[in-house]
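Trainee: Okay, here's what each chain looks like letter by letter:
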Amino acid sequence: MVSSDLQTESLELTHLDRLEAESIHIMREVMADAAKPVMLYSVGKDSAVMLHLARKAFYPSPPPFPLLHVDTTWKFRAMYELRDRMAAESGMELLVYQNPEAKEHGINPFDHGPLHTDMWKTEGLKQALDLHGFDVAFGGARRDEEKSRAKERIFSFRTASHGWDPKKQRPELWNLYNARKAKGESIRVFPISNWTELDIWQYIARENIPIVPLYFAAPRPTVERDGLLLMVDDDRFPLLPGETPVERSVRFRTLGCYPLTGAVESEASTLSEVIQEMLLTTTSERQGRIIDKDGGDASMEKKKQEGYF
Amino acid sequence: MPNTPDTPVYVTDALIAEDIDAYLAGHEKKSLLRFITCGSVDDGKSTLIGRLLYDSKMIFEDQLAALEADSKRVGTQGQEIDFALLVDGLAAEREQGITIDVAYRFFTTEKRKFIVADTPGHEQYTRNMVTGASTADLAVILIDARKGVLTQTRRHSFLAHLIGIKHIVLAVNKMDLVGYDKSVFDRITLAYRAFASEIGITNFTAIPISGFKGDNITALSGNTPWFKGPALIEHLENVEIGAAADEAKPFRLPVQWVNRPNLDFRGFSGQLASGKVRPGDAVRILPSGKTTNVERIVTLDGDLDEAVAGQSVTLTLADEVDCSRGDVIAAADAPPEAADQFEATLVWMADEAMIAGRAYWLKLATQSVSATIQPPKYEINVNTLDHLAAKTLELNGIGVVELSTDKPITFEAYGDNRTLGGFILIDKLTNATVAAGMLHFSLRRAQNVHWQATDIDRDMRANLKNQRPALLWFTGLSGSGKSTIANLVEKKLHRMNRHSFLLDGDNVRHGLNRDLGFTEADRIENIRRVGEVAKLMSDAGLIVITAFISPFRAEREMVRGMLPEGEFIEVFIDTPLAEAERRDVKGLYKKARAGQLKNFTGIDSPYEAPEHPEIRIDTTAMTPEEAADLIIDRLLG
Chain A
1 MVSSDLQTES LELTHLDRLE AESIHIMREV MADAAKPVML YSVGKDSAVM LHLARKAFYP
61 SPPPFPLLHV DTTWKFRAMY ELRDRMAAES GMELLVYQNP EAKEHGINPF DHGPLHTDMW
121 KTEGLKQALD LHGFDVAFGG ARRDEEKSRA KERIFSFRTA SHGWDPKKQR PELWNLYNAR
181 KAKGESIRVF PISNWTELDI WQYIARENIP IVPLYFAAPR PTVERDGLLL MVDDDRFPLL
241 PGETPVERSV RFRTLGCYPL TGAVESEAST LSEVIQEMLL TTTSERQGRI IDKDGGDASM
301 EKKKQEGYF
Chain B
1 MPNTPDTPVY VTDALIAEDI DAYLAGHEKK SLLRFITCGS VDDGKSTLIG RLLYDSKMIF
61 EDQLAALEAD SKRVGTQGQE IDFALLVDGL AAEREQGITI DVAYRFFTTE KRKFIVADTP
121 GHEQYTRNMV TGASTADLAV ILIDARKGVL TQTRRHSFLA HLIGIKHIVL AVNKMDLVGY
181 DKSVFDRITL AYRAFASEIG ITNFTAIPIS GFKGDNITAL SGNTPWFKGP ALIEHLENVE
241 IGAAADEAKP FRLPVQWVNR PNLDFRGFSG QLASGKVRPG DAVRILPSGK TTNVERIVTL
301 DGDLDEAVAG QSVTLTLADE VDCSRGDVIA AADAPPEAAD QFEATLVWMA DEAMIAGRAY
361 WLKLATQSVS ATIQPPKYEI NVNTLDHLAA KTLELNGIGV VELSTDKPIT FEAYGDNRTL
421 GGFILIDKLT NATVAAGMLH FSLRRAQNVH WQATDIDRDM RANLKNQRPA LLWFTGLSGS
481 GKSTIANLVE KKLHRMNRHS FLLDGDNVRH GLNRDLGFTE ADRIENIRRV GEVAKLMSDA
541 GLIVITAFIS PFRAEREMVR GMLPEGEFIE VFIDTPLAEA ERRDVKGLYK KARAGQLKNF
601 TGIDSPYEAP EHPEIRIDTT AMTPEEAADL IIDRLLG
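Protein chains in written order, with this note's numbering: chain A, 1 to 309; chain B, 1 to 637.
Hints should not be assumed to be uniformly reliable.
Pairs of lysine-lysine, DSSO-like flavour, derived with a Cα cap of 30 Å [what the hints assert, rightly or not]:
hint: 1; chain 1: B; residue 1: Lys586; chain 2: A; residue 2: Lys181
hint: 2; chain 1: B; residue 1: Lys29; chain 2: B; residue 2: Lys276
hint: 3; chain 1: A; residue 1: Lys103; chain 2: A; residue 2: Lys36
hint: 4; chain 1: A; residue 1: Lys183; chain 2: B; residue 2: Lys407
hint: 5; chain 1: A; residue 1: Lys151; chain 2: B; residue 2: Lys391
hint: 6; chain 1: A; residue 1: Lys151; chain 2: A; residue 2: Lys183
hint: 7; chain 1: B; residue 1: Lys407; chain 2: A; residue 2: Lys36
hint: 8; chain 1: A; residue 1: Lys36; chain 2: B; residue 2: Lys428
hint: 9; chain 1: B; residue 1: Lys391; chain 2: A; residue 2: Lys168
hint: 10; chain 1: A; residue 1: Lys151; chain 2: B; residue 2: Lys491
hint: 11; chain 1: B; residue 1: Lys465; chain 2: B; residue 2: Lys535
hint: 12; chain 1: B; residue 1: Lys428; chain 2: A; residue 2: Lys126
hint: 13; chain 1: A; residue 1: Lys181; chain 2: B; residue 2: Lys428
hint: 14; chain 1: A; residue 1: Lys183; chain 2: A; residue 2: Lys36
hint: 15; chain 1: A; residue 1: Lys151; chain 2: B; residue 2: Lys428
hint: 16; chain 1: B; residue 1: Lys166; chain 2: B; residue 2: Lys30
hint: 17; chain 1: A; residue 1: Lys151; chain 2: A; residue 2: Lys126
hint: 18; chain 1: A; residue 1: Lys181; chain 2: A; residue 2: Lys167
hint: 19; chain 1: B; residue 1: Lys465; chain 2: B; residue 2: Lys290
hint: 20; chain 1: A; residue 1: Lys151; chain 2: B; residue 2: Lys590
hint: 21; chain 1: B; residue 1: Lys249; chain 2: B; residue 2: Lys407
hint: 22; chain 1: B; residue 1: Lys276; chain 2: B; residue 2: Lys249
hint: 23; chain 1: B; residue 1: Lys276; chain 2: A; residue 2: Lys151
hint: 24; chain 1: B; residue 1: Lys147; chain 2: B; residue 2: Lys30
hint: 25; chain 1: B; residue 1: Lys428; chain 2: A; residue 2: Lys167
hint: 26; chain 1: A; residue 1: Lys168; chain 2: B; residue 2: Lys428
hint: 27; chain 1: B; residue 1: Lys166; chain 2: A; residue 2: Lys151
hint: 28; chain 1: A; residue 1: Lys183; chain 2: B; residue 2: Lys428
hint: 29; chain 1: A; residue 1: Lys167; chain 2: B; residue 2: Lys391
hint: 30; chain 1: A; residue 1: Lys181; chain 2: A; residue 2: Lys36
hint: 31; chain 1: B; residue 1: Lys598; chain 2: B; residue 2: Lys586
hint: 32; chain 1: B; residue 1: Lys407; chain 2: B; residue 2: Lys491
hint: 33; chain 1: B; residue 1: Lys249; chain 2: B; residue 2: Lys182
hint: 34; chain 1: A; residue 1: Lys181; chain 2: A; residue 2: Lys103
hint: 35; chain 1: B; residue 1: Lys111; chain 2: B; residue 2: Lys72
hint: 36; chain 1: B; residue 1: Lys111; chain 2: B; residue 2: Lys249
hint: 37; chain 1: B; residue 1: Lys30; chain 2: B; residue 2: Lys228
Since the hints were derived computationally from the structure, they do not count as laboratory data. Small disclaimer: the values here were computed from a predicted structure and weren't measured.
Working from the sequences, and respecting the hints, build out all of it.
Mentor: Dropping the structure here:
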């Protein structure tokens, strides 16, 4: 919680205060020009912080837009639980979209490789935005996550076909955002662009923001495959010959589809311990995700041009 | 981990392992510094940033492994680590080996969190540097020790100064390649000082570094024993950010969003641009000028006792006043100005050149208006700083222009307040952001003011009041009885349900005309203004009564000419000078006779009596009551 003592003690706002104020300012600016905004909600820790900031930005009103979860049907069960709880608590409408085509073809991460992410997430997102006619979508991407994101604007413009052209992005000066657009065009807005992973964790601690328990270490059934520790979250997990789930104390640094998200062995079961482990760790956050490795070095950038975040 | 022997690696705080909660409690109080790095392509800028990230442990093992592999494959440093590869993000750039946009990097030390805007040094990318600089508190200007102060150095320094950056660090880089020679460093510092003072940079901090080897980055280097500090990181950690200065300025909150969850709550959301605010503070809403008081500062965490510059809050006000997005809530006793014509510096950022006379959207704080630009007064050559004649501004062109907006905007000079003085221009057709601007001051020129047609005319207004508008213009010597009789006339009209307004000479001089004295020129201006006001009031359908000495015939005729035929009714309050001087109600004649009052009508300034007044009142022959009745008879009869 905000300590008002702290604020009156020191004249200077802390870095978290300034990041919070900036994010709130960005969200409120969107309301000036957006016809139909939506907040993309992936249930991860970044989404949790973004949702919390939205509640602050518009309090005592509930945030004046719905939450959209582009679902792959392969998220961890604990994520679905928290998603439904947070939507109810915030008083916001929750829209869940599942690409009907992917559903029909039974696209899954075990049999279809990169097609899984492409159809459920990239295509699913485009379909959901088109279906509802959303013109502005808030996303929880951060500039420190990946090299090509360091240059991403806070207001990122997409063509009518959801394409991203690095040359068409507008300069962003001071805290002035140009949110004007032609019919059919849309904007992805990243209000937590300037937050780092450490900022996110500290803010979660400071504000007591609920997050998925998977971020904390606990005994979980896991198998080791291709150098990753995967959690057997439900009985859809096809065990290979010789594989038996082993109970290990693990946690997740980042959350996605459970068959694509590697766990780390850990005993960190409190927020402080998680942060401690993060500060002392020697590998980067996204390493546990398979998605970055498809297509080599510039893969995130390629994904962005195709319409993925 | 590979590391040159004399480079101290940034050591992670032991507290993290020992007492994480204590570490976090400390870290929560860190402040934030935003800075930019500017340098030419080969000044080693990316290398320096890569080094800052590396030394502050923002590079992880997997990234480092990738970096080592990349360095060997495409690096420019032989078998050594090429830190530049850490920060050159987009695929196209990596192939060309240059940065082509603004990128933001993050690192943190024990004292501060840093956001670095990495801005390219190519000539065609002035736009990017201005963008990166707009949010920066500090600029690191990189110089290659082998090359010294170059044209680019001047350009970067000028731009940083233009955008209002107060803290300049001169990082003399690649000291390892000049044998850590003190005289090289001294010569460059001296040359830069001469140039900097030319453009108004009074203060800068020069530091000899090697981004590649790590000298004087996190700690003072043994290679430069002659340099007493501070090291770069140490300086960045300790420089004053100026948040206190923003708080000391008058309170301003541009309203972003009206928060209306239900009929019982109406809040105004925004980020404080300057100053501080507490419940109970008197505030003024601009542009309406209405005043009220702050009732509450509402946040999700409970009401605040005080909010300061930089915070995003929601205010509720004590009174139901009109206030919406684009309005500015400001300290009641120190409000900002509003104007519709300005001088400004423009930085042009689009491929299509500026078109004088075309309307662009102008966005300043939360205000959006239509604006047209005059041809530049001059363009500034960023290399020589010469002022050049120009008809337009091309991409990366910087010029001083005059611009006008379709309605007044609330503003401050950019030098006083970045939020209320900085703006962007948006192309109405493509919606592209085409320019950034900084307001200098407002211009006041009547020739650009156009009449606005209104649908409701003066007859319609008068009909609604069931009366014919008129102007009863009382004239006569000081002390003749003008005010007394005029006041009686208004009282009687009021009892008759007539809508009237009495403009009294003394009262007007306390407000509208307080800047005027009693010279002949000022007296003429006094009457001209009163005539204009009386005309507006009669347009509004009122019966206007004025009580001014109005000694000069010409000015009375001027006012008569402003009104429709028959509406100007000259009322001559005819009291002889001797009689007025005998009454001397305000003791003014006495003062004038004693020489204490100059230009007093009837004494040392003439009174030109009306030759054919509509009504003449002889105050020596009738009482004020009788006079008032007579005037009303003539007016309504």
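Trainee: So which hints don't hold here, by number, going up?
Mentor: Numbers 1, 5, 10, 20, 23, 24, 32, 33, 34 and 35, in rising order.
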